[in-house]
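Undergrad: Chain by chain, the residues:
4 protein chains.
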Amino acid sequence: MNTTLRAAIVGSTGYGGVELIRFLIGHPKVQITSVISSSSSGERLSDGFPHLSEIITDTLDAVDIPLIADKADVVFTATPHGVSAKLVPQLLEAGLKVIDLSGDFRLKDGAVYEKWYKHAPADEALLAQAVYGLSEVFGDQVEGNDFVSNPGCYPTATLLGLIPAVSAGWIDPKSIIIDAKSGVSGAGRGTSLTAHYAEINENFKAYKVNKHQHTPEIEQVLSLVAGEPVTVTFTTHLVPMTRGIMSTMYATLNGTHTEAELVELYRQYYEGRRFVRVREAGVWPATKEVYGSNYCDIGFSVDERTGRVTIISVIDNIVKGAAGQAIQNLNIMMGWDETLGLSLTPVYP
Amino acid sequence: MNTTLRAAIVGSTGYGGVELIRFLIGHPKVQITSVISSSSSGERLSDGFPHLSEIITDTLDAVDIPLIADKADVVFTATPHGVSAKLVPQLLEAGLKVIDLSGDFRLKDGAVYEKWYKHAPADEALLAQAVYGLSEVFGDQVEGNDFVSNPGCYPTATLLGLIPAVSAGWIDPKSIIIDAKSGVSGAGRGTSLTAHYAEINENFKAYKVNKHQHTPEIEQVLSLVAGEPVTVTFTTHLVPMTRGIMSTMYATLNGTHTEAELVELYRQYYEGRRFVRVREAGVWPATKEVYGSNYCDIGFSVDERTGRVTIISVIDNIVKGAAGQAIQNLNIMMGWDETLGLSLTPVYP
Amino acid sequence: MNTTLRAAIVGSTGYGGVELIRFLIGHPKVQITSVISSSSSGERLSDGFPHLSEIITDTLDAVDIPLIADKADVVFTATPHGVSAKLVPQLLEAGLKVIDLSGDFRLKDGAVYEKWYKHAPADEALLAQAVYGLSEVFGDQVEGNDFVSNPGCYPTATLLGLIPAVSAGWIDPKSIIIDAKSGVSGAGRGTSLTAHYAEINENFKAYKVNKHQHTPEIEQVLSLVAGEPVTVTFTTHLVPMTRGIMSTMYATLNGTHTEAELVELYRQYYEGRRFVRVREAGVWPATKEVYGSNYCDIGFSVDERTGRVTIISVIDNIVKGAAGQAIQNLNIMMGWDETLGLSLTPVYP
Amino acid sequence: MNTTLRAAIVGSTGYGGVELIRFLIGHPKVQITSVISSSSSGERLSDGFPHLSEIITDTLDAVDIPLIADKADVVFTATPHGVSAKLVPQLLEAGLKVIDLSGDFRLKDGAVYEKWYKHAPADEALLAQAVYGLSEVFGDQVEGNDFVSNPGCYPTATLLGLIPAVSAGWIDPKSIIIDAKSGVSGAGRGTSLTAHYAEINENFKAYKVNKHQHTPEIEQVLSLVAGEPVTVTFTTHLVPMTRGIMSTMYATLNGTHTEAELVELYRQYYEGRRFVRVREAGVWPATKEVYGSNYCDIGFSVDERTGRVTIISVIDNIVKGAAGQAIQNLNIMMGWDETLGLSLTPVYP
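Residue numbers (my numbering), protein chains in the order written: chain S, 326 to 674; chain E, 326 to 674; chain Z, 326 to 674; chain W, 326 to 674.
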């Protein structure tokens with residue numbers, strides 16, 4: 326009996342797409358059977374991405390639902406916001422399992438989506454159906470399901486860093502301030518002045534301050550965990566580097582908790598989940614320590630003078646913040662070990 | 326009558342020292358008469374810094390008080406913490422004007438210094454005598470004085486970004502959270518694993534979280550401005566770039582204030598001070614926009630949802646955060662136009 | 326008598342344009358009277374370049390010949406290849422002095438231009454009239470002339486590194502191999518995948534190998550100097566940095582010459598020319614040592630084993646390779662000291 | 326029957342050492358049984374390299390021959406020049422297989438070693454015994470042998486790029502000029518001003534021009550292949566990036582050969598060797614296309630005007646230039662598929 330699952334990737338010429346390919350090539354139970362691009366169909370994938378020369382020799386397929394349904398069992402949609410909302414229903418209709426990497430199915434409330442994304446929201450029934458795939462927190466809902474909405478990069482780093490403390494009632498949800506920093510690959514492969522080398526190299530800049538579309542995603546989950554509406558302050562910055570996100574989070578402690586107690590709380594919360602690594606008290610992770618891997622590393626600093634805790638969480642935005650977690654969700658969906666195909670050690674230095 | 330002031334620079338082989346040289350070379354009223362280094366005396370400065378070839382042909386002098394007194398009228402001490410505390414008294418004793426770039430004379434309370442710097446504090450009388458040279462705020466105290474303690478890089482960016490709002494009572498001082506980021510040149514020229522290229526390139530890391538020695542410096546000034554003791558949360562990060570500091574500051578607004586009102590408040594506060602540029606409402610500065618220059622640029626984002634304001638302030642850490650502000654203080658001290666020698670346009674890109 | 330020369334800059338929103346502005350602001354005999362952009366006229370220059378906030382408050386003018394003739398005495402055309410060929414004749418016709426930073430007037434032979442640039446060549450008479458402004462070599466032709474074609478960035482670094490040796494007959498012109506490397510700002514401000522941050526950061530790549538349009542420019546000058554047709558091997562690479570060009574040049578020595586002799590030969594050739602600095606024997610310059618300045622630094626390594634010399638020449642591509650040399654040519658054209666407005670020390674680190 | 330080979334790594338706290346670990350962790354036939362460091366024994370490896378947290382929990386062993394012999398079957402010595410010469414004989418004596426990553430056993434002539442390395446050479450008999458492990462060229466000698474001297478990073482990129490053409494007699498060995506560029510990780514983890522972030526970021530510099538110790542290694546192999554003594558011109562540069570080497574090579578063609586013919590020649594030469602990828606005619610590889618992987622990618626440009634060919638070869642200096650090729654040699658040594666444990670796709674972007 327052949328246990329290999331056939332996977333198609335829509336958006337194979339984006340950074341999320343090629344990263345899915347990098348990991349799926351080594352996945353023991355998955356075979357890539359179709360790499361798809363609406364803009365470059367008919368071309369060889371490796372012509373645009375020579376690092377894949379002689380590794381993937383496939384030609385890019387067009388976005389053709391019957392063809393996808395014929396070739397694949399599961400589809401990763403690494404498509405822009407607005408595109409997934411239209412494409413995913415057809416893929417589900419065709420009986421395919423879908424893991425969507427866009428923001429189109431993350432927010433349960435279409436009105437909120439429309440406000441922050443400036444797009445028409447997806448179908449309400451599908452919004453309700455989509456499971457929010459923050460693997461370590463909602464993995465039990467992912468298992469056995471056919472449709473997962475993969476979390477955003479910033480929310481992944483931020484939520485994994487906040488949920489255990491919020492859940493335990495150790496921090497005041499109203500006090501949460503999130504100062505996030507991302508490498509430039511998060512802006513995607515589409516050229517723009519923002520991602521133009523000479524503009525961002527040797528430069529550090531803030532963007533979408535208090536306006537980033539990941540804000541309601543973070544608030545939706547924190548509200549659920551806290552059992553009350555949570556509103557956060559959320560700032561995003563661009564770092565002159567390619568990969569990596571750091572979320573530096575500030576909150577007022579409810580009562581007194583030491584760093585050692587926080588370490589213990591988090592280690593218990595993430596017990597058995599290999600991709601979250603909680604640093605020892607007084608040690609903070611750096612983005613390079615998860616480079617190219619699916620890890621999320623977390624550290625703490627409690628300041629007795631102010632009664633606040635600073636929580637630092639890092640991920641590789643393209644891996645745990647996109648392609649890696651998508652594959653982790655596939656593994657969970659299928660009832661497999663969640664680490665299949667993802668056991669790559671961070672690249673250092 | 327020759328109006329040229331003769332300047333000596335102790336610590337000429339550090340990044341602050343060579344930056345003082347870069348600006349003083351073009352200063353119309355100052356002449357560099359002695360470049361001094363305790364470790365490299367006798368060598369030609371340009372052998373270690375070939376970018377100065379044929380520009381400065383001087384040999385480095387040793388730290389010799391009578392020689393300095395003979396050669397110079399004013400001394401910039403770009404020396405490490407602990408060294409200035411011992412050196413500056415001798416220079417003042419010798420009748421020299423002194424602008425100290427170390428942290429040794431910034432904190433008025435020697436016990437606080439000792440706690441955060443882990444060094445014995447400087448002489449109490451001198452701590453009292455030193456004027457804290459945040460030029461745009463304490464310039465009137467600098468004028469006519471002979472001894473200025475130049476502010477730290479993080480405090481400069483942070484205080485210029487907070488003081489007008491704190492002073493006006495528009496933000497709650499108890500709510501202040503400062504998330505600061507610096508280029509690696511801030512770590513100086515001494516080699517260490519922290520500043521080792523392969524360790525910091527493509528890496529973003531936090532350090533000294535809640536423990537940075539600039540914390541009490543920020544608190545000392547904010548307390549003075551607020552008229553009550555202020556304790557802040559202060560986090561520092563290293564950005565993979567050479568120059569630049571961004572301070573992203575969060576505070577709860579007292580009442581309702583729009584971004585436009587904040588812009589107006591700050592523009593009035595800094596009226597006539599060329600080196601602070603307040604961006605229009607909704608525009609945030611990036612570090613590259615002040616690269617190599619003495620500017621401090623500031624922008625705002627008010628979030629009505631949370632009642633908080635995010636203030637973003639950027640400087641070049643080696644210029645406005647060190648050498649540039651030191652020269653600005655010399656100008657003010659001497660009663661000159663504060664911009665003399667400092668009118669360089671930021672280098673972009 | 327007002328001795329201020331009025332200058333207009335066509336292409337003010339490109340990197341060459343804003344660099345012209347950075348230097349001209351400090352020029353004692355020049356005033357910028359019009360900043361011009363075909364694509365952004367009517368907008369404030371500092372809206373697109375916030376580093377110029379409160380420094381230049383001008384609105385961008387359109388490309389309007391009578392207006393330029395009314396406002397300016399000299400025009401810098403920092404325009405793309407193909408555009409200058411059409412624009413410059415009109416400016417000259419209007420009685421303006423012109424310094425053209427494009428490649429349109431560098432090659433004397435229109436057919437060669439067409440072959441390498443894939444554009445129709447400029448008017449033959451104008452090609453003959455244009456003086457090739459390699460300041461240290463052809464400055465005597467620039468003086469008193471009204472129309473200068475400013476050299477390309479690679480040719481500037483390369484020719485200054487080769488001409489003294491070729492001129493003296495110390496190297497075999499047929500043996501010359503040029504391995505050149507440039508920072509990414511050389512690709513300009515137009516967005517493209519080549520200059521997309523995530524594609525070029527942590528990447529080193531060759532481009533246009535044996536096909537770069539600066540090849541015939543180098544050959545034209547070397548042939549002139551050598552007194553015989555010279556064909557070179559020329560390779561260009563992109564370095565993950567913003568500014569700087571290094572040209573590493575290889576040639577077979579005619580007879581035996583030591584590094585010290587080469588240093589002496591070059592120092593004599595460039596006697597009195599401040600912007601060329603010849604390093605001592607066995608010391609090679611790095612691009613950062615000329616960062617943001619108009620210097621060209623040169624060093625040598627003679628290998629007795631092979632009978633070849635390696636010559637290393639560095640410039641800042643936007644300064645000595647574009648805007649800085651253009652101003653140097655203006656100075657020479659006007660009979661002024663060639664260093665006016667250009668005496669900025671390299672920014673280090 | 327247990328087929329797992331037990332491996333020890335001396336020099337586990339260097340960049341070569343941790344890269345060996347990154348790959349060996351995923352090797353199906355090897356188990357790391359001892360990580361060794363002379364300077365940090367007794368410490369946990371992951372304390373110094375937090376990216377390995379929860380992946381490797383081992384404490385570092387001292388360099389203790391009997392202990393190594395007890396724990397391991399094969400030893401990788403990622404030790405500095407001069408150290409291996411003394412250590413390797415003891416390891417071989419103890420019956421261990423050895424793959425040495427230093428330069429101590431690459432040169433067959435001890436006098437040449439002494440001249441270029443300024444160290445006393447290793448024992449003559451061992452120099453004769455060591456197999457030079459350029460896998461694709463000398464793999465047949467590696468197979469079944471117990472002692473391999475792993476090639477240097479620059480020689481690997483350079484020799485793989487030159488050998489097929491030299492071997493076929495298509496280029497003139499006397500004309501070879503090699504312009505090589507390396508990321509900064511090649512300088513190792515020991516701190517120095519050369520690898521200090523602020524000194525090398527935004528900087529491009531040459532070093533050891535005509536004096537690099539890899540010169541005789543390249544010449545030794547080319548002489549062997551050419552059947553005559555070959556002397557090359559070899560220049561090395563530092564690129565502001567962490568990983569990657571590009572070797573740009575110039576040579577005069579013997580007769581006429583097109584790029585397509587060169588592609589064909591090289592593809593035949595490397596037939597069946599997965600880690601060399603020859604690009605199509607007119608396409609040149611970039612270092613990022615092999616980032617984090619064991620590939621060596623090669624491209625060509627023939628210039629009919631000069632009769633020269635430009636050959637461009639790229640590797641990841643820490644992988645194919647060190648740890649990866651070392652494991653490839655182990656695989657060949659053991660008679661295994663040479664790709665075992667090395668099938669990682671390059672990390673892009």
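It is possible that some hints are incorrect.
One side only, chain W facing chain Z, incomplete, derived with CB under 8 Å [stated by the list, open to error]:
1. 465
2. 466
3. 470
4. 502
5. 506
6. 524
7. 527
8. 558
9. 565
10. 569
11. 571
12. 573
Hints in this document: simulated from the structure, not taken from any laboratory.
For each residue, glycine too, the CB sits at the ideal point set by N, CA and C.
Undergrad: State for each hint whether it applies.
TA: A quick look at each hint next to the structure:
Here the hint on residue 465(W) is broken, as its CB sits about 32 Å from the closest CB of chain Z, past 8 Å. Checking residue 466(W) against chain Z: minimum C-beta separation of about 28 Å lies over 8 Å; hint violated. Nearest Cβ of chain Z to the Cβ of residue 470(W): about 32 Å, over the 8 Å cut. The hint is violated. For residue 502(W), the interface hint holds, the least distance from its beta-carbon to any beta-carbon of chain Z being 5 Å, beneath 8 Å.
The beta carbon of residue 506(W) comes within 6 Å of a beta carbon in chain Z, closer than 8 Å, and the hint placing it at the interface holds. Look at residue 524(W): its Cβ gets to within about 6 Å of chain Z, closer than 8 Å, so that hint holds up. Of the supplied interface hints, the one on residue 527(W) holds, with its beta-carbon coming within about 5 Å of a beta-carbon of chain Z, less than 8 Å. A hinted interface residue such as residue 558(W) counts as satisfied when its beta carbon comes closer than 8 Å to some beta carbon of chain Z; here the least separation is about 5 Å, so the hint holds.
Of the supplied interface hints, the one on residue 565(W) holds, with its beta-carbon coming within about 5 Å of a beta-carbon of chain Z, less than 8 Å. This hint holds: residue 569(W) has a C-beta 6 Å from the nearest C-beta of chain Z, less than the 8 Å allowed. Contact between residue 571(W) and chain Z, as hinted, is supported at the beta carbon level, the nearest pair being about 5 Å apart and thus within 8 Å. At its closest, the beta carbon of residue 573(W) sits 6 Å from a beta carbon of chain Z; the interface hint therefore holds under the 8 Å criterion.
Against the hints set out earlier in the document, violations occur for numbers 1, 2, 3.
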